[in-house]
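Student: Sequence:
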Amino acid sequence: DIGQGGRDAARGKLDVLSKRIAKAPAKYDQASISKAYRDALGSSTFNNPQMTAIAAALTRRLTNIVGPPGTGKTTTGAAIAKGAVSLQRSVDPSGHSKVLCCAFSNVGADNFAEKLIEEGLKVVRVGRSTAMSEGLVEHSLDWYIDKDEGAQKALKYAAEMTVKLKSKDRNKERAARAEATDAVKKSISACQKAAYSALKDCDVVVSTCVGAVDPRVMACLGKGGDEQEDGGWTPPVNLKLDYVIVDEACQSVEPATLIPLVGSGCESLVLLGDPLQLPPTVRERESKLELSLMERLCSTLPEPVIVTAKKDDTELDESWLRKVRGNIGGGGSYK
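Numbering (this note's numbering), first residue to last: 2 to 336.
What the hints contain is simulated information worked out from the structure, not anything from laboratory work.
Be aware that one or more of the hints could be misleading.
Pairwise CB distance ranges, derived in the manner of DEER restraints [claimed, not checked]:
hint, residue 1, residue 2, range
1, Gln-278, Thr-46, 22 to 28 angstroms
2, Gln-31, Pro-256, 35 to 41 angstroms
3, Glu-255, Ala-132, 20 to 26 angstroms
4, Gly-223, Glu-291, 46 to 52 angstroms
5, Lys-154, Gly-223, 21 to 27 angstroms
6, Thr-235, Val-263, 18 to 24 angstroms
7, Ser-45, Glu-268, 25 to 31 angstroms
8, Ser-45, Lys-165, 34 to 40 angstroms
9, Glu-174, Thr-235, 44 to 50 angstroms
10, Asn-239, Glu-139, 25 to 31 angstroms
11, Glu-180, Thr-131, 29 to 35 angstroms
Below, computed lysine-lysine pairings styled on PhoX-like, alpha-carbon distance capped at 20 angstroms [to be verified]:
hint, residue 1, residue 2
12, Lys-201, Lys-123
13, Lys-28, Lys-241
14, Lys-224, Lys-194
15, Lys-154, Lys-194
16, Lys-157, Lys-187
17, Lys-165, Lys-186
18, Lys-241, Lys-123
19, Lys-241, Lys-224
20, Lys-224, Lys-187
21, Lys-201, Lys-148
22, Lys-194, Lys-165
23, Lys-186, Lys-224
24, Lys-148, Lys-123
25, Lys-148, Lys-187
26, Lys-28, Lys-123
Even for Gly, the Cβ is constructed at its ideal location relative to N, Cα and C.
With these hints in hand, go ahead and build the complete structure from the sequences.
Tutor: Encoded structure:
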């Protein structure tokens with residue numbers, strides 16, 4: 002036991018940290034934030050709690066948005082993404098800074114992507130096209146690569162060289178193998194170039210939490226690992242995914258939520274969820290993984306927590322609030 006003095010000291014440090022993360026990154030000025038807020042609202046109709054959530058997300062490093070089912074958390078998240086795109090453009094007119102939107106499941110990522118497209122944003126959905134909804138296939142990274150002539154030409158040539166390799170006699174095997182290897186490397190570089198072009202041209206990258214570290218995305222961020230160090234393709238200018246929004250955050254196990262944050266180099270984070278809906282799915286009962294990152298942050302950092310309501314004239318359900326407070330240890334401060 003650290004004693005009362007230790008607990009008070011820890012609480013004091015948490016209060017300082019809460020105030021720090023409740024501020025926008027220094028690179029955004031007030032004029033840019035005001036414009037981003039207007040862009041986020043657009044012509045849509047939001048209630049006061051939702052507008053409060055949007056404003057907070059555009060002016061803080063960390064924002065937890067908590068609300069019961071039907072309060073428009075995903076819709077609010079899409080509006081925040083629209084505002085975040087505006088913020089990114091204000092500091093990077095060249096368009097190398099993007100917004101990363103994630104959800105734990107493919108269904109959640111698809112729902113998020115569809116909301117973003119409704120907002121008029123250009124989306125690239127990262128992941129296996131067979132695992133996403135049919136309507137998003139033409140927004141997938143695979144689709145953009147399949148439509149790139151250079152990538153397809155290189156892939157076709159690599160396939161031809163690989164097939165020919167099997168028919169070569171031993172005397173020519175070494176040279177044929179080297180040629181096939183070179184063709185494969187060139188096909189990988191061509192696909193990376195196509196991926197870079199697609200990601201450079203989009204507003205928002207959407208994936209599952211685990212899929213956020215897709216090797217093609219990491220290569221575009223300049224994090225291609227051994228392949229880039231060995232002379233493989235490197236981006237002309239590294240892309241950035243420093244504004245991250247995670248939906249279904251209370252359904253995601255903590256390590257999965259950390260993946261997009263660590264992989265992207267996150268500077269601003271928005272988590273949306275409801276601790277009273279489905280918890281993280283774990284096999285063992287009473288596992289430490291049953292506590293999501295969002296719940297952990299809500300229980301220790303009170304200031305960034307916001308709750309949305311269904312209607313302006315509807316009081317928040319006090320019984321729901323009591324359950325949420327009990328569920329995360331009573332540490333949150335709900336507005």
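Student: For Lys-224 and Lys-187, compute the direct alpha-carbon distance and say whether it is at most 20 angstroms.
Tutor: holds, 19 angstroms
Student: For Gln-31 and Pro-256, compare the CB-CB distance with the range 35 to 41 angstroms and indicate the outcome.
Tutor: This hint holds: roughly 37 angstroms between Cβ atoms.
Student: Starting from the range 21 to 27 angstroms, see whether the pair Lys-154 and Gly-223 falls in it by beta-carbon distance.
Tutor: At roughly 26 angstroms between Cβ atoms, Gly-223 and Lys-154 fall inside 21 to 27 angstroms, so the hint holds.
Student: So if I understand the rule, the pair passes when the alpha-carbon distance is 20 angstroms or less; does Lys-241 with Lys-123 pass?
Tutor: holds, 16 angstroms
Student: Could you see if the CB distance from Thr-235 to Val-263 stays within 18 to 24 angstroms?
Tutor: With Cβ atoms ~21 angstroms apart, the hint holds.
Student: Take the C-beta atom of Asn-239 and the C-beta atom of Glu-139, compute their distance, and say whether it sits inside 25 to 31 angstroms.
Tutor: holds, 27 angstroms
Student: Holds or violated: are the alpha carbons of Lys-186 and Lys-224 at most 20 angstroms from each other?
Tutor: Satisfied, since the Cα-Cα distance of roughly 17 angstroms is no more than 20 angstroms.
Student: Taking the Cβ atom of Glu-180 and the Cβ atom of Thr-131, is their distance within the range 29 to 35 angstroms?
Tutor: This hint holds: roughly 32 angstroms between Cβ atoms.
Student: For the pair supplied as a hint, Lys-241 and Lys-224, is the alpha-carbon distance within the 20 angstroms limit?
Tutor: It holds: about 11 angstroms lies between the C-alpha atoms, which stays within 20 angstroms.
Student: Lys-201 and Lys-148: Cα distance at most 20 angstroms?
Tutor: Holds - the C-alpha atoms of Lys-148 and Lys-201 are around 16 angstroms apart, at most 20 angstroms.
Student: Run the distance test for Lys-194 versus Lys-165: straight-line Cα separation, threshold 20 angstroms.
Tutor: Not OK: Lys-194 and Lys-165 at ~26 angstroms, beyond 20 angstroms, violated.
Student: Check the hint pairing Lys-28 with Lys-123 against an upper bound of 20 angstroms on the C-alpha distance.
Tutor: violated, 24 angstroms
Comparing the model with each numbered hint stated earlier shows that hints 4, 8, 9, 22, 26 do not hold.
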